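Protein chains: 2
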Amino acid sequence: MSWKLHNFFRSSTSTRLRAALNLKGLPYEYVPYVLRAGETRTPDYLAMNPAGLVPTLEIGEGQYLTQSLAIIEWLEETHPEPALLPADALGRARVRSLAYMIACEIHPLNNLRVLQHLGAAFGADEAGQKAWFTHWVTETFTALETALASSAQTGRYCHGDTPGLADLCLYAQVWNNKRFEISLEPWPTIARIHAALHELEAFSKAAPPNQPDAA
Amino acid sequence: MSWKLHNFFRSSTSTRLRAALNLKGLPYEYVPYVLRAGETRTPDYLAMNPAGLVPTLEIGEGQYLTQSLAIIEWLEETHPEPALLPADALGRARVRSLAYMIACEIHPLNNLRVLQHLGAAFGADEAGQKAWFTHWVTETFTALETALASSAQTGRYCHGDTPGLADLCLYAQVWNNKRFEISLEPWPTIARIHAALHELEAFSKAAPPNQPDAA
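Sequence lines, in order, name chains C and H.
One rule links them: number in my numbering = place in the first sequence (from 1) + 34.
One rule links them: number in my numbering = place in the second sequence (from 1) + 34.
Here chain C stands alone, though its shape is the one from the complex (with noise of 0.2 Å):
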């Protein structure tokens, strides 16, 4: 069977793996769910990702890959052409860790699910989910300007020259600051790389408007 992808189209974690598998030239099935309509929380959806989150990669029978930088590194393990991850091991502590600036400091608190627990623990309006959001963006992003702006390893995109796993988390992390309108502005490496990023048809492609259940 060909390889489904189980996500969503505004989902930063999914426009991470979908870039991630145009870059290595994967195909696959695009299955969507709505989350707002609990599309993710179905016994059958948990029975293959018991934590009810997009994406799960589908690669055979029973086969359910889950956690969309779990399965990239599975990705780069598994089919290594082109690399997303440099090839010295100081460089891919780098950009590890500039993804997971991203990945562990940022997505973790701006996903719907966490501002809808906002609204339903402590009453946040849509103004005060914004400001959550636009909070855990700035701090992150600022130190991330300067990861990327004060360092020779900086190139066209996060590490040298090649699009790589930081690429993919900050490519769909620029996406989902759209929702709340928040301006590059204060970050222009973030900003340069971005763009650097979108004229790369593996990453245009992945975007959450370029999918088939975009709104």
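I should point out that these hints are in silico values taken from the structure, not numbers from a laboratory.
Incorrect hints may have been included.
Because identical chains cannot be distinguished in the list, a pair is counted as satisfied if it fits within a single copy or across any two copies.
[Claimed, not checked] Only pairs whose alpha carbons sit at most 25 Å apart, straight line, appear in this in silico DMTMM-like list of lysine to aspartate or glutamate:
no. : residue 1 : residue 2
1   : K164      : E219
2   : K58       : D247
3   : K164      : E115
4   : K164      : D195
5   : K38       : D122
6   : K58       : E111
7   : K38       : E73
8   : K38       : E63
9   : K38       : E92
10  : K58       : D122
11  : K239      : D195
12  : K164      : E110
13  : K38       : D78
Being a predicted model, the structure only gives us computed values, none of them experimental.
Use these hints to put chain H onto chain C, whose structure you have.
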């Protein structure tokens, strides 16, 4: 020079990395920081780690590694024995997925700066912070319990009988939960694995109460 671990006894990401260094038998000098006193927001600290977070591993003059999981992957590549990831790619995908369930779905939502910001932004008091913390632990530990209890690959530890990357995250998160006295009773497999890990000196030596800066 010997490696320097810039960290904080109660930090979950620091606990992960301490246990990893212990498992690999790699010595380090312990350099403590008081997060609440802003000691990781000084210009000197930010020059090492622009995000102002712990841990930072200093491996040489001007060489600073950041983000606990990126550092642990680097340790695994540069000091492969004993291995923290299984030999097969699907096994590694499983272990990373279990690790990221904690590292990307629980810890980022529940660390000190987030709890403080909940207070500042929404007036969350200690009870509100505890409810928030407990909510996110419960969401993901319930899914993690299912993932662990339903898989024949789970052994004495998260993946077989060798402690690894997922165990580092699980062990540290359970310590983090103690802050709000969260009982492990609903998650017997997690409780069993945590107890088994605590019998290993590499883990118990890494536990928050056993650090020089423990209150």
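Do the hints match the structure? See the list:
| no. | hint | verdict |
| --- | --- | --- |
| 1 | K164 - E219 | within (17 Å within a copy, 36 Å between copies) |
| 2 | K58 - D247 | within (23 Å within a copy, 47 Å between copies) |
| 3 | K164 - E115 | neither (39 Å within a copy, 46 Å between copies) |
| 4 | K164 - D195 | neither (34 Å within a copy, 45 Å between copies) |
| 5 | K38 - D122 | between (32 Å within a copy, 22 Å between copies) |
| 6 | K58 - E111 | both (12 Å within a copy, 23 Å between copies) |
| 7 | K38 - E73 | within (16 Å within a copy, 47 Å between copies) |
| 8 | K38 - E63 | within (5 Å within a copy, 47 Å between copies) |
| 9 | K38 - E92 | within (5 Å within a copy, 42 Å between copies) |
| 10 | K58 - D122 | both (20 Å within a copy, 20 Å between copies) |
| 11 | K239 - D195 | within (20 Å within a copy, 42 Å between copies) |
| 12 | K164 - E110 | neither (35 Å within a copy, 39 Å between copies) |
| 13 | K38 - D78 | within (15 Å within a copy, 48 Å between copies) |
Hint compliance for this structure: hints 3, 4 and 12 are not met, and every other hint is.
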